[in-house]
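Top line first, the protein sequences correspond to chains X and Z. Just so we're aligned, residue 1 is where the first sequence starts under UniProt numbering, counting upward by one. Just so we're aligned, residue 1 is where the second sequence starts under UniProt numbering, counting upward by one.
Since the hints were made in silico from the structure, they are not lab data. Treat the hints with caution; some may be incorrect.
Computed Cβ-Cβ distance ranges for the label pairs, DEER-style [to be verified]:
{"no.": "1", "chain 1": "X", "residue 1": "Glu344", "chain 2": "Z", "residue 2": "Ser320", "range": "51 to 61 Å"}
{"no.": "2", "chain 1": "Z", "residue 1": "Gly141", "chain 2": "X", "residue 2": "Ser320", "range": "30 to 40 Å"}
{"no.": "3", "chain 1": "Z", "residue 1": "Arg61", "chain 2": "X", "residue 2": "Lys30", "range": "48 to 58 Å"}
{"no.": "4", "chain 1": "Z", "residue 1": "Ala107", "chain 2": "X", "residue 2": "Gly252", "range": "41 to 51 Å"}
{"no.": "5", "chain 1": "X", "residue 1": "Ala345", "chain 2": "Z", "residue 2": "Lys112", "range": "42 to 52 Å"}
{"no.": "6", "chain 1": "X", "residue 1": "Ile120", "chain 2": "Z", "residue 2": "Ala303", "range": "32 to 42 Å"}
{"no.": "7", "chain 1": "Z", "residue 1": "Arg420", "chain 2": "X", "residue 2": "Asp342", "range": "46 to 56 Å"}
{"no.": "8", "chain 1": "X", "residue 1": "Arg108", "chain 2": "Z", "residue 2": "Ala107", "range": "20 to 30 Å"}
{"no.": "9", "chain 1": "X", "residue 1": "Thr209", "chain 2": "Z", "residue 2": "Ala290", "range": "45 to 55 Å"}
{"no.": "10", "chain 1": "X", "residue 1": "Asp67", "chain 2": "Z", "residue 2": "Pro405", "range": "30 to 40 Å"}
{"no.": "11", "chain 1": "Z", "residue 1": "Gly160", "chain 2": "X", "residue 2": "Thr209", "range": "16 to 26 Å"}
{"no.": "12", "chain 1": "X", "residue 1": "Arg49", "chain 2": "Z", "residue 2": "Pro70", "range": "18 to 28 Å"}
Keep in mind that this is a model prediction, so the values were computed, not measured. The beta carbon of each residue, even a glycine, is placed where N, CA and C say it ideally should be.
There are 2 protein chains.
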Amino acid sequence: MTEGVRRVPSRLNTDDSGFEAEFRALLGAKREQADDVDAAVRHIIARVREEGDAALIDLTRQFDGLDLTPEVLRVGQDEIDAAHAATPEETLAALTTAHDRISSHHARQMPKDDRYVDAIGVELGSRWTAVDSVGLYVPGGQASYPSSVLMNAVPAKVAGVERIAMTVPAMRGVLNPLVLTAAKICGVSEIYRLGGAQAVAAFAYGTETIAPVAKIVGPGNAFVAAAKRQVFGTVGIDMIAGPSEILVIADGRNDPDWIAADLLSQAEHDSAAQSILITDDAGFADAVEAAVERQLKTLSRGATAAASWRDHGAIILVGSLDEAPALSDRIAPEHLELAVDDPEALFARLRHAGAVFLGRHTPEVIGDYVGGSNHVLPTARSARFSSGLSVLDFVKRTSILKLGPDQLRELGPAAIELARVEGLDAHGRSVAIRLNL
Amino acid sequence: MTEGVRRVPSRLNTDDSGFEAEFRALLGAKREQADDVDAAVRHIIARVREEGDAALIDLTRQFDGLDLTPEVLRVGQDEIDAAHAATPEETLAALTTAHDRISSHHARQMPKDDRYVDAIGVELGSRWTAVDSVGLYVPGGQASYPSSVLMNAVPAKVAGVERIAMTVPAMRGVLNPLVLTAAKICGVSEIYRLGGAQAVAAFAYGTETIAPVAKIVGPGNAFVAAAKRQVFGTVGIDMIAGPSEILVIADGRNDPDWIAADLLSQAEHDSAAQSILITDDAGFADAVEAAVERQLKTLSRGATAAASWRDHGAIILVGSLDEAPALSDRIAPEHLELAVDDPEALFARLRHAGAVFLGRHTPEVIGDYVGGSNHVLPTARSARFSSGLSVLDFVKRTSILKLGPDQLRELGPAAIELARVEGLDAHGRSVAIRLNL
Chain X
1 MTEGVRRVPS RLNTDDSGFE AEFRALLGAK REQADDVDAA VRHIIARVRE
51 EGDAALIDLT RQFDGLDLTP EVLRVGQDEI DAAHAATPEE TLAALTTAHD
101 RISSHHARQM PKDDRYVDAI GVELGSRWTA VDSVGLYVPG GQASYPSSVL
151 MNAVPAKVAG VERIAMTVPA MRGVLNPLVL TAAKICGVSE IYRLGGAQAV
201 AAFAYGTETI APVAKIVGPG NAFVAAAKRQ VFGTVGIDMI AGPSEILVIA
251 DGRNDPDWIA ADLLSQAEHD SAAQSILITD DAGFADAVEA AVERQLKTLS
301 RGATAAASWR DHGAIILVGS LDEAPALSDR IAPEHLELAV DDPEALFARL
351 RHAGAVFLGR HTPEVIGDYV GGSNHVLPTA RSARFSSGLS VLDFVKRTSI
401 LKLGPDQLRE LGPAAIELAR VEGLDAHGRS VAIRLNL
Chain Z
1 MTEGVRRVPS RLNTDDSGFE AEFRALLGAK REQADDVDAA VRHIIARVRE
51 EGDAALIDLT RQFDGLDLTP EVLRVGQDEI DAAHAATPEE TLAALTTAHD
101 RISSHHARQM PKDDRYVDAI GVELGSRWTA VDSVGLYVPG GQASYPSSVL
151 MNAVPAKVAG VERIAMTVPA MRGVLNPLVL TAAKICGVSE IYRLGGAQAV
201 AAFAYGTETI APVAKIVGPG NAFVAAAKRQ VFGTVGIDMI AGPSEILVIA
251 DGRNDPDWIA ADLLSQAEHD SAAQSILITD DAGFADAVEA AVERQLKTLS
301 RGATAAASWR DHGAIILVGS LDEAPALSDR IAPEHLELAV DDPEALFARL
351 RHAGAVFLGR HTPEVIGDYV GGSNHVLPTA RSARFSSGLS VLDFVKRTSI
401 LKLGPDQLRE LGPAAIELAR VEGLDAHGRS VAIRLNL
């Protein structure tokens, strides 16, 4: 990289002496503006807790330009049915394909109860049960995606959650009918036309019209994210998702246009999204860059994609793809495409990625929609310590212990000793008293 | 309950007309003082990020009354070995029993990879890998428990975490040698004498001496809890644990002294702890209450236990134990003892509990130490949506997709259609371009 000239997108080369510093800068770059909305959100939540529906109605008028009454907070079944009925056949078929594939994949994730007796006769176990009720937040406007409804509602359904409520803001009254259609396909019929921190507060604490839920999931803007953080503890929440990312590891035998399209499929989501290419072929890197420039001109969200590519995109040139797994693990990408002849070998050598797409014929977009796996995945390097959304997010485990007098006699003394050294008399006594000690 | 006279502990009766209101008040009562330490913690974290070891040394002098140098931030192996060597045989045996039982139980929790080919030839799967590095916070002073080291370190070890670092504050230089011994038994040798928000910040961001970790676990005071919340996202964290709780469901055929000891074993932890008894036998309730009063006088932590029992304890009288499961689910207790003849029948009828202890010979304390299950469990009704600590907290899942040209041809059109209706051109193109569409 020539001193003082920032190439667009960033071009790094593991052979350069400055590589480590540049790579660290890439990893450390903040892509999200941390709007300080905490105080505003705290105020909104307090109002909803105090005033209930009245606060929801007032805040929805103020933020969404929509006049509601308690009677129409909830979307009517007729409105849901009408949206479904008006959905073109081809779209309905695509949504149904996606729904069915997501369902059957997620069914395999259901954890199994475990109950056993150990060598001394102690019964141990784990029992999994579904969360009773879940609130699903669906963003409004441009990011009101039916696929997001499927990805959040299906795992909850598969887990056996009895009540799945949904909320989606209706800016000036407009709801995306495909969001309602997707909800109907998932069997979700409790839908509110509410958004922002007020919707999160309603799910967490309940109002006259809305019963509280046990867990809130789904993406949202800075207000929604801050509200989820604030109500965490009162209810469960899923991860706080950041802007989308893709890392493509590709050799020079790919069609540059394919890889360019894959990079742009993340970039078009958000100007804060990040697309990175790692390749061992400088000529291929140039060809991809050129292809990106060409394709950018034809995208309806070209300005967004261009900003993302310019500000956050990167091409990392490696001497050999052998170097790629270690770099990839430091990036810990949300999405990882391995566009090489032997993707399995590469995959075996890396550890941190939300989702991996193996081979040249698995564009990440298949995972966004119809692959069957979940598209809610850990961003911002959090794949180092967390996983994508799954059935596990909608169940919880009760651990089980059962001793008889014999087992208590055998294990009791060790427990009494540990209670003693920890200075917890009543702990020791609750065992000793049963053993007449 | 007589108007105006608060009985100690609260006595509720499901037959009373005021029961529902009283029960709601019990559920809604705040037991924790929410110290507003956020600003102080934010300042501490910023200092550690900027000044590294120097900040750790300065803050440790200030808060822990201990003068450190970078060379002695870390506890020496000789110090760990000496603590282990000085541990009495009986204590060592008890710790080892606990360690081995926790290990073998947690080994069963390791999730299995899943890889399969579906009907149309798409390969799907989930691969689990361990988190690379974990920081374990161990409180100092009275709450510096060796059992807590075991309960946090063993699941990490079982999961295959390569680097487990530990930190424990050494107030005026004093470390609990049993904490070091427990660490040695777990194979943990990277131990720092640091506490508070500064220790959490060091784990999250690293300093000259301490490499950052991917996830931070373990209990702590309000500063530690606030610091964990603030660094969440940069690193993973476990749950934020609140004060301990127990619910005992007992018929009249129990020894009141046994049940009293069980109730007190939670109460002695913390004046904010909560012990609740549900029984169908008013005479038994009286007998338990009397036994609690008697036993309180003999506990070294009697004042703490008495405050907990007075302020947060409750006895709920039900007409029949049939009513108990529904009440228990609303409480969603951390620990649930079923001291009845047929505990399995009761257990089958309830859903929300962190851990259940079946039968009259399974005091909860067995689970604290040597049962094999984990004692880090969801508090404050969060068993409605979360689980105790397990191997799952130290692994993460990568989802896998692999299509060939045929599968892409079959699934591609549905993905293209969904991208179209969501207005995401590049998404559609990344599929279409591979199909020459």
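These are the hints, each one checked on the structure:
Our hint of 51 to 61 Å for glutamate 344(X) and serine 320(Z) holds, since their Cβ atoms are close to 60 Å apart. The supplied range of 30 to 40 Å is broken by glycine 141(Z) and serine 320(X), whose beta-carbon atoms lie about 53 Å from each other. As the Cβ distance of arginine 61(Z) to lysine 30(X) is approximately 32 Å, the hint placing it in 48 to 58 Å is violated. For alanine 107(Z) paired with glycine 252(X), a C-beta distance near 45 Å keeps the hint of 41 to 51 Å intact.
Between alanine 345(X) and lysine 112(Z) the beta carbon distance is about 22 Å. The supplied range of 42 to 52 Å is therefore violated. Under the hint 32 to 42 Å, the C-beta atoms of isoleucine 120(X) and alanine 303(Z), about 37 Å apart, fit the expected range. Separated by about 34 Å at the C-beta atoms, arginine 420(Z) and aspartate 342(X) break the suggested range of 46 to 56 Å. Against the hinted window of 20 to 30 Å, the Cβ-Cβ separation of arginine 108(X) and alanine 107(Z) comes to about 22 Å, which satisfies the hint.
Threonine 209(X) and alanine 290(Z) have their C-beta atoms about 47 Å apart, which keeps the hinted 45 to 55 Å range intact. For the pair aspartate 67(X) and proline 405(Z), the beta carbons lie near 53 Å from each other, so the given range of 30 to 40 Å is not met. Restraint check, glycine 160(Z) to threonine 209(X): a C-beta distance of roughly 48 Å breaks the suggested window 16 to 26 Å. At about 48 Å, the beta-carbon gap between arginine 49(X) and proline 70(Z) misses the expected band of 18 to 28 Å.
Comparing the model with each earlier hint shows violations of hints 2, 3, 5, 7, 10, 11, 12; every other hint is respected.
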